[in-house]
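Engineer: Starting from the known structure of chain A, arrange chains B, C and D on it as the hints suggest.
Protein chains: 4
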Amino acid sequence: MRVGVLTGGGDCPGLNAVIRAVVRKGVQDYAYTFTGYRDGWRGLLHGRSVPLNIPAVRGILPRGGTVLGSSRTNPFTQDDGVARIRETLTKDEVDALIAIGGEDTLGVAARLHGEHGIPCVGVPKTIDNDLSATDYTFGFDTAVNIATEAIDRLHTTAESHMRVLVVEVMGRHAGWIALHSGLAGGANVILIPEQRFDLDEICGWVTSRFTSSYAPIVVVAEGAMPRDGDLVLKDAAAQDSFGHVRLSGVGEWLAKEIERRTGKEARTTVLGHVQRGGTPSAFDRWLATRFGLHAIAAVRDGDFGKMVALRGTDIVRVDLGEATARLKTVSAARYEEAKVFFG
Amino acid sequence: MRVGVLTGGGDCPGLNAVIRAVVRKGVQDYAYTFTGYRDGWRGLLHGRSVPLNIPAVRGILPRGGTVLGSSRTNPFTQDDGVARIRETLTKDEVDALIAIGGEDTLGVAARLHGEHGIPCVGVPKTIDNDLSATDYTFGFDTAVNIATEAIDRLHTTAESHMRVLVVEVMGRHAGWIALHSGLAGGANVILIPEQRFDLDEICGWVTSRFTSSYAPIVVVAEGAMPRDGDLVLKDAAAQDSFGHVRLSGVGEWLAKEIERRTGKEARTTVLGHVQRGGTPSAFDRWLATRFGLHAIAAVRDGDFGKMVALRGTDIVRVDLGEATARLKTVSAARYEEAKVFFG
Amino acid sequence: MRVGVLTGGGDCPGLNAVIRAVVRKGVQDYAYTFTGYRDGWRGLLHGRSVPLNIPAVRGILPRGGTVLGSSRTNPFTQDDGVARIRETLTKDEVDALIAIGGEDTLGVAARLHGEHGIPCVGVPKTIDNDLSATDYTFGFDTAVNIATEAIDRLHTTAESHMRVLVVEVMGRHAGWIALHSGLAGGANVILIPEQRFDLDEICGWVTSRFTSSYAPIVVVAEGAMPRDGDLVLKDAAAQDSFGHVRLSGVGEWLAKEIERRTGKEARTTVLGHVQRGGTPSAFDRWLATRFGLHAIAAVRDGDFGKMVALRGTDIVRVDLGEATARLKTVSAARYEEAKVFFG
Amino acid sequence: MRVGVLTGGGDCPGLNAVIRAVVRKGVQDYAYTFTGYRDGWRGLLHGRSVPLNIPAVRGILPRGGTVLGSSRTNPFTQDDGVARIRETLTKDEVDALIAIGGEDTLGVAARLHGEHGIPCVGVPKTIDNDLSATDYTFGFDTAVNIATEAIDRLHTTAESHMRVLVVEVMGRHAGWIALHSGLAGGANVILIPEQRFDLDEICGWVTSRFTSSYAPIVVVAEGAMPRDGDLVLKDAAAQDSFGHVRLSGVGEWLAKEIERRTGKEARTTVLGHVQRGGTPSAFDRWLATRFGLHAIAAVRDGDFGKMVALRGTDIVRVDLGEATARLKTVSAARYEEAKVFFG
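Residue numbers (this note's numbering), protein chains in the order written: chain A, 1 to 343; chain B, 1 to 343; chain C, 1 to 343; chain D, 1 to 343.
In isolation and in its complexed conformation, chain A is listed as follows (with noise of 0.2 Å):
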């Protein structure tokens, strides 16, 4: 039995931790051997691939991003996109493919396996946490991690200088590093993208945490939204050294706008990809880890069509169609637990 490993879309600290554990239990207690894709699906279109053994896999665990490379590639969007896959796996003897990554990455597995028979299992990978089949996804807590490291930071900068100071996170369609790290880093206001935003509640927490002498900090995720969501696209706009139209970031916007109505002084952070790179943390290496060890159990059961997640402890089989059809968002209820901290 020949497996096929690839990794797509954005990089992920815990993402070396998977395909090291699918190699050792692969090769150690199913004698399997392994191909590696480079790029994601690129590697399959174009038949590019690395040796997989445990040689190649030793030392990656604490490793951030992923010794196979990545590319938001999508075989369904190219020419024969199907059929050079199918080659390739044909000319590399490869007889079932485990495939890392997210959304696109795992829609792709799953149209593989449904419509053109291609063996495949899914490892669900989102920083952003936002898939509904899994209670968690790896790289999520070290994003959190690294995002309340930051507030903690903040926290004195802000006091000394007695000045609002925004964060600006990652989660584009879900809130859960900014409601997570707003949480853990003790935010004064945590705003989501689930949630449109009232600059004038906002700037009323601001004042009233003035009022008990301490400074404000405001975590966003990059999403987030005002009520009137075309006040951002007017105002941000400016024009780029191309003279292109540029949106810039809502962190910097709403610092801006926090300025102008509340009078106080307000500087922003904007973490980007400082959050997504580097060692995983503990959690996401022993998730990352068990994710392999299951992916390549369900090769071996012959379960195909099949993603891993977690359920509480547990990591248990879902079907990959249904894995990636519904974002998981944060809940207007637990926007409202996390609101009594606001202020």
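Note: identical chains are not told apart, hence a pair may lie in one copy or across any two.
Think about it this way: if two alpha-carbon atoms lie no more than 25 Å apart in a straight line, the pair counts; the simulated SDA-like pairs of lysine to any residue are:
#1 K328 to R311
#2 K328 to R317
#3 K339 to L199
#4 K339 to V27
#5 K328 to D135
#6 K264 to R48
Hints are computed from structural coordinates only; laboratory data are not their basis.
Structural biologist: Relative to the frame of chain A, chains B, C and D by itself:
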């Protein structure tokens, strides 16, 4: 409504986050007042309390330890223990108690409620993660992070000198910290209290690791024992400076035995109290905060005799009596899962 | 003897460590009493003080920011500034002042001592490390550690996606943070204010890095400028939401230019205030503590008009006037030394 | 020109950074080639080498340990040691040697150069920072950071349980790690090898600390000794499992003595190898990198028999013979300076 709050047992990162969340929500949403009792049940026996209000909980979220102090005092082993507690509660006009602690502390709360009708709500705390009613307890993730970081650091020393490095971590009755940090840190042997270990097998893994030109890391829970348990007791017994027989740790004993049997140099690191001190991880702050919010909500609902618990990503209420009835240990299947990385 | 203490300018990890050391030694060894002034020189102008004794400095060693608050108020630009300061000192019966701050704060102390005979001792503070009289200032090591950790994290993202990552760090007039964190983090280009940069040269390094199948990290100090400086001003100017012209950061400008010229995707991370907040590194706590001990010893010796400074591993006293006379910038030789790692 | 490189003695964060800098500058600026010798002088005795070029040093900057391996082998205690080294150098066509190590390794280099005319340049390495010719050695700052973080964590446990916590840190002959981490961590007692300690005095500080309702942290270097040194030897001697007399650490002995004399519970943490492993701090990477650049420049200049050293912020060259002649210990004045924080 006035609510008493106490923390009992060994300290654990996240205790202050619980206290803060209880008080913030209690004051703001329910207009409750609070009394903090010093040093666990001892404070109730002796009527030693501290004021607990919003200023008192400011800034404590990221701080380890407990601002209320702790002890292992059990009122049921004291003369008139229950009567004295009742007296304190009456004098202080306290209507309900929130007890944050482990098996012992919660066991007392269960009896005070069940046998004596004192309205109690429990919040589980055990750094060892060995309470069966909840997926996780706060403090555990912090301890696993610290142990994992230590293992990361030890890898380079092991390899530069081709030595065996034994790391003794917490876990007297359950091997969760050893299992999680061992998996996350890429240990080559993990030993837990749930499974008696075999020295020959360990030496086999150690030797096989050296064969592939790498040096082994052995993670051992403080409560792990060899197949022939008497062996440890006899060998490790040594007179201390007071002339008493003293049992040194399993880590040091193990290093000596491995050295003797394999001829390879072996060294021990005992992480000790470092694992339970300092600022909580983001996960632990988040979990402790949510436990606090839900505990005070249970008080509000008059839902006494309950303990808050994590199930998946939800906080639920379970019966205090059942909550502490059974130790949550590492199952044979979970330990077996990890063994693919041994050697 | 009563000694006044104040902190001025931007906040910096280690300020509290200085305050603690001054008070501990002053009280215990010399039986002095202390008055803390709020928000730098502003506190002296308005007679706003806080008690400063051993209980007040307990536990502040590891905390960032300053318990005394800070401001950029300059008494020489205020009506009757010096007279009001003298009045406050007389009213409070303060015999000497310890001023902890950067160029501005220490410049005021130098004039108050030199021109008005007020007994002052200075403690240098600049996160940018640009004071010529001392080998290092506290806060710098912490900032370099934070920037280096961010660069470490960005390497994996850069390589997984083959992107250029630009990291903008602090340093308006001196490139010490960029130089040290760039060297420590293994950056492929380091740009500092002392040396105008050449976009073509940068693009050459970037391209050469990609040629060897790696992705480049560019570290740029916020004050770095291209050979043709006007270019930045013109291009980056954009109207903000108030209609004012607003200069966006050099980091973002650089990423766009690199993208445009090399055709490679480029992203920017602006570390901002995260670099100056939070707990000080061990080196900064040690340096700040020793500065504090030696500042109060200078007061004891009646050695006013002096600033404490680090020379090798010794703390010495230098003239306050000279201390701030010259900016310590990165020499051409030191920058040249780092260039072997470019590209 | 072909240059040999070796690392000797105990491992130390920063060794890889030196190797990388030597090779980068040697190849790029001088067109040199390199031979890496395995396991210190042992590699030269047995002719065991590894290729050392730019690909070989990629990515090693942030990694602890040494890619060349290490040993404590001394060629002067081996039969024909010098002749065999000369033979290896001739066979490999190596024109000069860079030896990175501590007193022993550099002592060998000094004799090889001075007595046998072999062109050697030394780079100082000692985690204990006890070489007199240089202000700092790399590895020291990392060790101090790790010890300080541990002390930070232990404070909360000490206070929550009102216990004495003894932390044993590295330092057999010099107390630098204890002094710096003790000052940075806010320890209440610091004990170093340079000053015999008095148990009564220690117990006085411990008791005074409890009086002010805080719990004491005692930092002790592994080489610290009581006034009556024999006391430790006698008391701590205990038969190990092989029947040999075994000397347990000073930390554990101290905890027992404090417990016995003050009646307060005391616990010990022995940090051990964790202090010397893992990724180097930013300072150590910067220092190690600059040492490497200057060592290869010395080779270029034909300036053999020299060691690079840090003086203030400059790298200088000192005579190899003198460099290791004297141990740099903590002076009485520097220890006295720290005492204001005791108790």
